[in-house]
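So the chains spell out like this:
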Amino acid sequence: MQITVNVNGTEYSRVVEPRLLLIHFIRDELRLTGSHWGCDTSNCGACVLWLDDTPVKSCTVLAAMADGRRVRTVEGLERDGELDPVQQGFARCHGLQCGFCTPGMMLTARWLLDHNPDPSEEEIRAAISGQICRCTGYENIVRAVRWAAKHDAGAERSAPGDRGDPGPTGEVA
Amino acid sequence: MTADSEQIFNRAYGPVPRKEDARFVRGKGTFVDDVALPGMLYGAILRSPLAHARIRSVDTAAAEAHPSVEAVITGKTLAGRNLAWMPTLSADVQAVLATDKVRFQGQEVAFVVARDRYAARDALELINVEYEPLPAVIDARTALNPGAEVIRDDLAGRADNRIFDWSAGDKAATDAAFAAADVVVAQDMLYPRVHPAPLETCGAVADLDQVSGRLTIWCTTQAPHAHRTLYALVTGLPEHKIRIISPDIGGGFGNKVPIYPGYVCAVVAAMITGRPVKWVEDRSENLMSTTFARDYHMRGEIAATRDGKILGIRATVLADHGAFNGAAQPTGFPAGFFHIFTGSYDLRAAHCVVTGVYTNKAPGGVAYSCSFRITEAVYLVERMVDMVARELGMDPADLRMKNLLRPDQFPYTCPTGWQYDSGDYPRALRAALDLAGYEELRREQADKRRRGEFMGIGISFFTEGVGAGPRKHMDILGLGMADGADLRIYPTGKAVLGVSCQTQGQGHETTFAQLVAGELGLSPDDVEVVHGDTDRTPFGLGTYGSRSTAVSGAAAVMAARKARERARIVAAAMMEVAPDDLEWSDGAWRVRGDPDQAAPISAIAMAAHSGLELPDGVEAHLDAGTVYDPPNLTFPFGAYICVTDVDPGTGEVVVRRFIAVDDCGVRINPMIVEGQIHGGLADGVGMALMQAVAFDPEGNCLGGSFMDYLLPTAVECPSWELGATVTPSPHHPVGAKGIGESATVGSPAAVVNSVLDALAPFGVRHADMPLTPAAVWSAIQGRPLRSDLAISD
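Protein sequence lines correspond, in order, to chains A and B.
In case it helps, numbering that gives the first Met the number 0 puts the first sequence at residues 0 to 172.
In case it helps, numbering that gives the first Met the number 0 puts the second sequence at residues 0 to 792.
Treat the hints as calculated values from the structure; they're not laboratory data.
Everything numeric in this text was worked out from a predicted model, so none of it was measured.
Idealized CB from N, CA, C, for every residue including glycine.
One should not assume that every hint holds.
[What the hints assert, rightly or not] Covered by chain B, according to a simulated footprint, are these stretches of chain A (three or more residues, beta-carbon under 8 Å):
1) 37-48
2) 56-68
3) 81-91
4) 98-110
5) 136-148
All chains should be modelled from the sequences, with the hints used to inform the complete structure.
Set out below in structure tokens:
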């Protein structure tokens with residue numbers, strides 16, 4: 000079947016098997032390998048990306064379900080050569096070690112800050128509780144998100160629509 | 000002590016941000032599954048559904064007829080190439096693809112190669128294997144029973160499931176210490192089977208150049224050079240034609256030390272098809288077939304005087320190694336470094352006996368940040384120390400303080416022969432007690448108990464021995480555990496360091512650049528660290544057992560010092576003075592008494608590459624190579640305190656606080672060191688409360704997915720409270736000790752001691768990990784659960 004997906008502002012049309020998982024579409028078809036696959040069962044969150052404006056675990060979403068929709072991956076966090084505050088926070092606070100869970104963690108963090116610009120430690124921990132990191136013990140991920148919250152210009156500025164990348168229908172989140 | 004103040008306060012050291020992060024935060028890392036080569040095929044493994052069965056037949060005709068399938072490989076295919084079996088890291092053999100029997104659920108039976116990964120999976124369904132089921136040996140405690148099914152009938156003369164009997168220490172002296180004791184406490188305990196479960200599973204891409212005969216393997220390996228040698232021995236390919244590339248690795252923790260059947264199958268498939276072949280396992284395959292950790296059935300005994308002086312410790316262990324002895328540890332140490340189980344205490348005598356057995360479970364045993372079984376040893380001794388404290392009615396902190404080794408006893412040779420290099424244990428314990436506010440916590444606990452609330456305070460104190468070799472005592476398959484370093488200093492004074500160890504998140508690209516920069520007066524930005532590619536790095540044994548900084552890091556420093564000494568001669572020629580008139584200070588060679596006459600490495604490097612006349616016998620350039628053979632292990636240590644709240648109605652445990660004071664000698668990058676500790680503490684909480692791979696009586700693995708094998712998330716982990724003391728290693732060139740595993744080794748005992756402290760009013764003496772709500776509740780009811788089997792007995 001043919002699907003058209005807007006990924007990080009670029010439209011891609013591909014013929015895919017109906018059973019193809021979104022994570023494999025992104026990684027193998029589009030060669031955007033920043034999103035990772037980790038568990039098959041929606042437990043680890045290494046595959047988290049945004050479908051339209053919501054983080055999803057793309058190992059349990061079919062590529063066909065993304066037809067006509069927008070996807071945002073880690074490759075779409077950077078804007079005009081400038082790292083998103085979340086990306087900066089992860090690097091500054093040592094919020095990553097092996098880097099495998101990091102893209103998914105950052106996409107959830109970006110979503111959290113867009114909806115809650117000043118989250119408490121508990122709110123951050125709850126937001127990432129569907130994702131597993133085997134390296135950091137979560138401490139510095141929490142600090143990284145707090146850092147990003149402090150250095151964000153505000154949730155409005157970082158909403159996807161306001162960054163000059165309206166979705167295929169031109170809608171703004 | 001060689002670590003002088005210049006090193007400790009080295010200006011290149013400190014919490015500098017990691018070089019690695021620039022690519023990772025952009026999603027630009029290169030993990031094995033990110034590798035895509037033209038014409039690449041995909042492999043998938045058919046695995047045994049049974050734990051023990053004879054294979055009657057394997058019919059691959061339908062799979063071979065699948066339109067997308069390029070090849071199907073079975074044990075018979077491999078036997079034709081003498082590759083059906085491969086050596087393990089413990090001098091055993093392991094089936095690559097089963098030929099005679101399957102010996103654990105999930106064992107590799109056939110390998111399909113297809114044009115895409117979905118088709119490869121489809122074709123697995125088309126293979127028909129006829130099995131004749133055999134009785135499965137699942138409980139290690141019955142593996143040696145007369146009449147137990149013999150698992151390894153492939154080994155000539157094998158009449159039972161015994162792998163080894165091994166002992167350490169002085170039995171007679173220990174018996175005497177026990178005879179002289181006022182109090183003896185004994186306890187059976189299980190350190191359950193757990194799995195390291197790095198977030199990236201294992202995989203490989205094999206590519207054989209048909210013209211040159213060069214084999215390139217991109218692989219999730221923590222030990223690329225050792226793997227290259229092993230592939231050469233296994234396949235018969237000449238070693239110089241093999242290149243192992245271990246790119247970015249998504250966590251290892253010991254899981255990525257061995258060679259797995261899937262890697263060998265990918266190599267054979269590349270040979271057969273003439274095309275690159277990728278194999279990446281799924282999560283269930285990772286959990287069910289790759290190396291597990293622990294599975295130690297232990298009996299601990301501790302002897303003490305009435306006033307709390309520990310006299311001796313005994314340990315008797317039944318070690319479950321699974322179907323093949325694949326434990327990754329130095330040769331000659333069948334139980335790893337378990338015999339460090341005298342811990343951190345000044346005691347007279349100790350003795351341990353370890354019996355290793357085969358069972359119909361996945362192979363492995365030494366993995367998961369365990370420092371070659373020191374994890375099990377620390378757990379045993381710290382549980383026993385807590386139990387004797389309770390028996391004597393002493394505070395566990397007081398009892399430990401009374402028995403800890405004193406600073407003046409170092410270097411200290413323990414009753415089982417290890418020589419601890421340095422330590423100030425009372426200082427670390429005091430620091431942890433202060434950080435925790437121990438007295439106040441005990442008062443709070445007493446108040447709460449009066450109100451019917453159950454809070455626990457658990458302590459553990461650990462000593463690790465990490466950084467293997469020395470090479471004369473420690474080898475892996477005959478490869479002595481020494482590491483090379485190769486330092487190139489370019490004319491403009493920029494440097495490239497090649498090392499054999501392999502980062503899986505530890506930040507070597509940053510820490511090792513700091514080490515070299517510190518020796519040469521450079522900025523860490525001026526030093527590029529190359530690793531994970533056997534064509535571009537010198538030989539060494541790899542990253543596990545917290546050996547990177549301890550061994551490869553030392554090699555990097557020694558190479559830099561070699562370069563610096565040559566630079567001195569060049570600088571002397573430049574400045575027309577004698578080399579002896581120069582001293583190294585503030586990042587440059589300076590004329591004694593005239594420090595403004597100075598040459599930094601950048602200027603010296605250009606001169607060393609110029610036509611400058613050098614004394615006879617002095618080579619041009621500043622490049623330097625070295626091989627570092629560590630004189631001893633380094634012995635990091637620490638004091639941990641865990642505060643838990645336990646709900647006796649539900650059995651739920653909440654880790655409220657965790658205080659960790661670590662001493663790993665000089666900290667090159669304290670930010671990275673603390674990150675290593677954070678991760679290990681989460682592991683400890685996970686193992687103590689959640690993680691275990693259990694089996695049913697037929698040998699079905701009950702921990703085969705992340706829905707069944709629970710790992711801690713951000714909500715189970717508290718905010719870690721860290722402290723540090725610094726006792727430099729006297730033999731490491733900058734006084735550093737390994738830190739990668741300390742927290743995983745030390746923390747489980749603190750959590751368990753805390754929970755059992757909370758449960759003391761219920762008369763619960765001991766309960767095995769993981770202390771799930773069900774396990775805690777059952778312990779309170781007086782019916783402790785078995786955590787290794789799905790059935791209770």
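Verification of the supplied hints:
no.: 1; hint: 37-48; verdict: holds (count 7)
no.: 2; hint: 56-68; verdict: violated (count 0)
no.: 3; hint: 81-91; verdict: holds (count 6)
no.: 4; hint: 98-110; verdict: holds (count 6)
no.: 5; hint: 136-148; verdict: holds (count 6)
The structure fails to meet hint 2 from the earlier list, while all remaining hints are met.
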